[in-house]
Structure formats: C-alpha cells, structure tokens
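Trainee: Listed below are the residues making up each chain.
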Amino acid sequence: MSLRPYLTAFGLQWKIGLRYRIAVVAGLVAQMWFGAVTLMAYASVYHAAPDVQAPLSLRQAMTYTWIQQSLFTLLPLGCLPAIGDAARTGAIVYDLLRPVDMWNWWLSASLARLLGNAVPRAVLLACVAGPLAILVGLGAWSLAGPASLISAALALLSITLGALLSATIVMWWNILTARTLSPLGSYAVGTPLAVLLSGMLLPLPLYPDWVRPFLLAQPFAGITDIPIRIYLGTFIPGGVATGLGLQIFWLTALTLLGRLWMRQTVNRLEVQGA
Amino acid sequence: MTQSPSHTLSGPGLYRRMAGASIVAQLRYPGTFVIQAIGNFVTTLLSFFGIWSLFHRFGSIAGWDIGTVAVLYGLVNVAFAVAETLGRGFEVFGGEYVRTGSFDRLLLRPRSTLLLLLGHELRLRPIGRFLQGLFVLVAGLWLAPHVQWSAVLVLPWAIAGGAAMFLGVLIGQAALCFITVEGLEVVNVLTYGGVEAGQYPLTMFGRWLRRFITFVLPLAAVCYYPTLFSLAHPDPLGMPTWIGALSPAAGFAFLGVMILAWNRAVAGYVSSGS
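Chains as they are written, first to last, in this note's numbering: chain A, 1 to 274; chain B, 1001 to 1274.
Everything labelled a hint here was simulated from the structure, so no lab data went into it. Heads up, some of the hints might be wrong.
Per label pair, the in silico range of CB-to-CB distance [what the hints assert, rightly or not]:
| # | chain 1 | residue 1 | chain 2 | residue 2 | range |
| --- | --- | --- | --- | --- | --- |
| 1 | A | R59 | B | R1207 | 45 to 55 Å |
| 2 | A | T160 | B | D1104 | 26 to 36 Å |
| 3 | B | A1232 | A | D209 | 27 to 37 Å |
| 4 | A | K15 | B | S1102 | 22 to 32 Å |
| 5 | B | W1142 | A | R88 | 38 to 48 Å |
| 6 | B | I1243 | A | I248 | 55 to 65 Å |
| 7 | B | S1150 | A | G145 | 28 to 38 Å |
| 8 | A | W210 | B | R1264 | 18 to 28 Å |
| 9 | A | P131 | B | G1238 | 46 to 56 Å |
| 10 | B | D1104 | A | L18 | 43 to 53 Å |
| 11 | A | H47 | B | A1232 | 50 to 60 Å |
Backbone N, C-alpha and C fix where the C-beta goes; we use that ideal spot for every residue, glycine too.
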C-alpha cells in the first residue's frame, strides 16, 4: 500500500487552507474581539467573588480562552466542504471509483483542511496574545506559558491526538453528508455540539461539578480541552494518563464504528446528478 | 394570477409577495428547516447554559443577579434574530450580487434597492434563536426583582431598536461590499460579537469596550439601559434610569446613518461585469 495518494490529498487541502490570507487576518480580529469580551467578563466575575475556589484560576481561565480561540478552526464544525459539494453535484462517484481506501483518503483531506486552517491562525494569535500582549503592557491578560517543559511536551502530543480525533469526527459529518446528500445537516448538528462540548463556549472545568465527569468523558473534550488542561497542568482525575487514554479510546472507537458506518453507507449510496 | 400591465404593486405589497414566496420556498424542505431551526435553538440555549454555569459557580455574574442577565441576554438575542430574519439579502450581498454582477439587474427595477434586498429572503431559520431568546427573557423577568409594568412597553421598543441597529450593521456590511466585493467576515465582530457583548452587563467591560458599544455601535442603548429601566435597577456607572426609556431610538438613528451610507455607496457603484 502506497502512502502517496493520501499525502497528495493532504497536501491539496493544506494549500487550500493557506490560500486565504485575508480570511486569516479577519479571523484574527474576530478571535481577538471574542477573546477580549470573554476575558473581561471572566475577570469581573472572578473579581466579584474572590472567595470562590474555582477549578481554574483567573489566569488559567484566560490562557484556556486564548488557546481555545486560537484553535477554533480545529473544531469539527461540519463536513469537509469539498465533500459537501461532491454530494450535492453527484461528483462523489469519482471518490468511489478511486483505487484507494476511501476512509483514509477522506481522513487525510479532512485533517489537512483542519490543520491548514488552524495552524496559521493559532501561531498568529499565540504571538499576539502571548509576547505582543506582554510587550504592550497587557501581561495580566496574556496567554501564559505552559506549566512545565514536560507538560508542554505532553500537551503537544495531546494536541496531535486532538487534531486526529477532530478529523475523525469530521469523517462522521462527511458520511452524514453522503447519506443526506446535503452538507447543511452536518453543520446544523456539528457546530453546536463542537462549540459547546469542546469547551469553546465555557472552559469545561468551570461547568457545574455534577456534569464535569460526563463532559470530560465525551469525545469532543479530547480535541482541545484535554490538551489545554495538560498544558496548564490542571487537575484531570487520574492524571495525564487518563486524558491521553480517553483521546486514544475515542480515536479507536470512532474510527472502527465510523468505518463500519461508511461501508454500510457506500453500499446503499444514492447518487444525485447525471 | 393575471394582472393588467398597468397595475403595479405598491412597495409593501411587493415585499409581502416576495416574503411569501421566500417562506413557501423554505418550507419546501420541511426536514431541513426543522433541523436548522432546532440546531439554532439548541446552540443559543446552550450558550445561556454557559452563563448560567458561571452564575452557579460564582454566585453572581460580577454582582448581577441571574434574572437581570437573563433579560439582557434574551433582549439582544431576540433583536438579533429579527434582524437576521429580515436582513439575509444584505448578509449575502457581496457574494451573490456584487461579485456576480447581478446587482445591475436590481438597479433596473423601479423600486428601492433596499426593499428589493429585504425581499431577497425572509429567513425562517432564526426562529430558533428568537424563541429561545424570548424564553430566556420571560424567565429572566420572572426571576428578576422589581420588574416594572412599564417593561411591557419598553422591552418591545428596545427589541425594535435593537433589530434596527443590527439591520443597520448588515446594511453597512453590504455597503462595504461595493469596495471589497466579497463580504468581509470582520463585520461578524459587530453582529455575532455584538450579541456576545450585549448579553453581559456593560459594567463588566473595560472602558474602551464600553465606549465602543455605547457611542460607535449603540448596543448599550438598545440592551443595557432599557433593561435597567424595566427592572428599576440603578446604573452603577451613574446614568439616570429614565434614559433607558428613550435610548432605543439610538438603534433607529444608527439604521438611518447606515441607510445614508448605503445610498451614497449605490450612487458610486461600478459593476464588476457579468
């Protein structure tokens, strides 16, 4: 089995992501706005209740928010746009004809799309929210460094797993799109789930205590929440191993079940168009 | 229906007809509509769950009770949902009219371009956000202390002002497309970002942001002050409470300015060709 076709699929989508430079700048402005609004809100909530022992300190909540904002495009918000188009026009049959493993083919394209979008944005926002914010005297609002060198290395490993997990969830949206012949459903379902369950809306550790175990155990936590917790060195029940273990578990489970679902979908796929 | 050639529709009559056609078209795919509306409802409801979780953990939102915050949250979401319903044509204006050159066709019609673009689509999907906002608003009025009877008049007035303001943003965004051709996503900072900022009390923000959402975008005038007035809540920043009964007019003033800008932009329009 040759890896080349998958690398090509990856390379193509990666380049598409890098193509839109103005979109990157526009995204940066939007992320800074949302980051600023959220940070000010957290700061005044924390300052108004100085006696409350929260699972994240204010500084950690700010760093969490910045990282979360910078990784927004890494979230599985919906299907791969190219697959949405292909499902609508019927061009999806070409993908079926290719002598490649379709899961890996779509997965490498989905992963490249996520990374091509997220990496430039994340690097840019990290520079602005980190060193630049400190330089202009906004150090108290900036992105803090990792808890230690080891947690930085583990967080890097964890975010790699997170990206793979996100691409695997995108695969589920892709299959949904192929089934329903429209990308709209995947966005309607995917965006709210991803935004809430990844911790984008509110850091997962800050939710009421009774839902926190469930929030940690669900697959979306593995995309950004677990890597950020490892980076911050905050408490995960059972330590870093639980975090990485959950990520690997979901990656395996969603891949196996997803491949099964895909086989079933492909066998009874109805194609639109002539 | 046949009509004599001499018979022409009045502006409102034409709008009714266009809106009716748009509604029929959207209900042609009832499944898609229901999924999108539910997605919209769930997304926005979950975002209130985030605020509620902060309240739950810290005992207050920076000293504000949950009822007041719920009223603010409901108000801004209902207002934005109304603007989203009406203003879809402006939202997609860059991509669908300027870039393709089909704006030329609108200019040939003997009706105001604003009216024709309002008639582009009467979007039903925001009904999810609308219902959810209304639900949170009513819950907030039930929870908040000192609700005034005048709220029955002031809150609808504030919603109208808020909807006018957001519609103004959408028109301004469309006017910018004459320069940029494609839509600028940065403007989302004023729409979605405005909703995000409007749902927190003004006192939670730093001075630059307070000034921005008071004097540049009159967000405080359509959300914060009418809420204080309706709940007889003194303003910690020292503005008299009665201001809230008048301030929603600022939303209409903002809309007026944006319409002037639109007319100027249309006067200078050069087609991008077909």
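Trainee: Determine for every hint whether it applies to the structure shown.
Mentor: Hint check:
For the hinted restraint 45 to 55 Å between R59(A) and R1207(B), the CB-CB distance of approximately 22 Å leaves it violated. In this structure the hint that T160(A) and D1104(B) lie 26 to 36 Å apart at CB is violated, the actual value being about 50 Å. Take A1232(B) and D209(A): their Cβ atoms lie about 35 Å apart, and the range 27 to 37 Å holds. Under the hint 22 to 32 Å, the C-beta atoms of K15(A) and S1102(B), about 30 Å apart, fit the expected range.
At roughly 45 Å, the beta-carbon separation of W1142(B) and R88(A) lies within the given 38 to 48 Å, and the hint holds. In this structure the supplied range 55 to 65 Å holds for I1243(B) paired with I248(A), their Cβ-Cβ distance being about 57 Å. In this structure the hint that S1150(B) and G145(A) lie 28 to 38 Å apart at CB is violated, the actual value being about 52 Å. Against the hinted window of 18 to 28 Å, the Cβ-Cβ separation of W210(A) and R1264(B) comes to about 56 Å, which falls outside the hint.
One distance hint, 46 to 56 Å for the beta-carbon pair P131(A) and G1238(B), is violated here, with the actual separation near 38 Å. At roughly 34 Å, the beta-carbon separation of D1104(B) and L18(A) lies outside the given 43 to 53 Å, and the hint is violated. For the hinted restraint 50 to 60 Å between H47(A) and A1232(B), the CB-CB distance of approximately 26 Å leaves it violated.
Hints 1, 2, 7, 8, 9, 10, 11, counting from the list given before, are not met by this structure.
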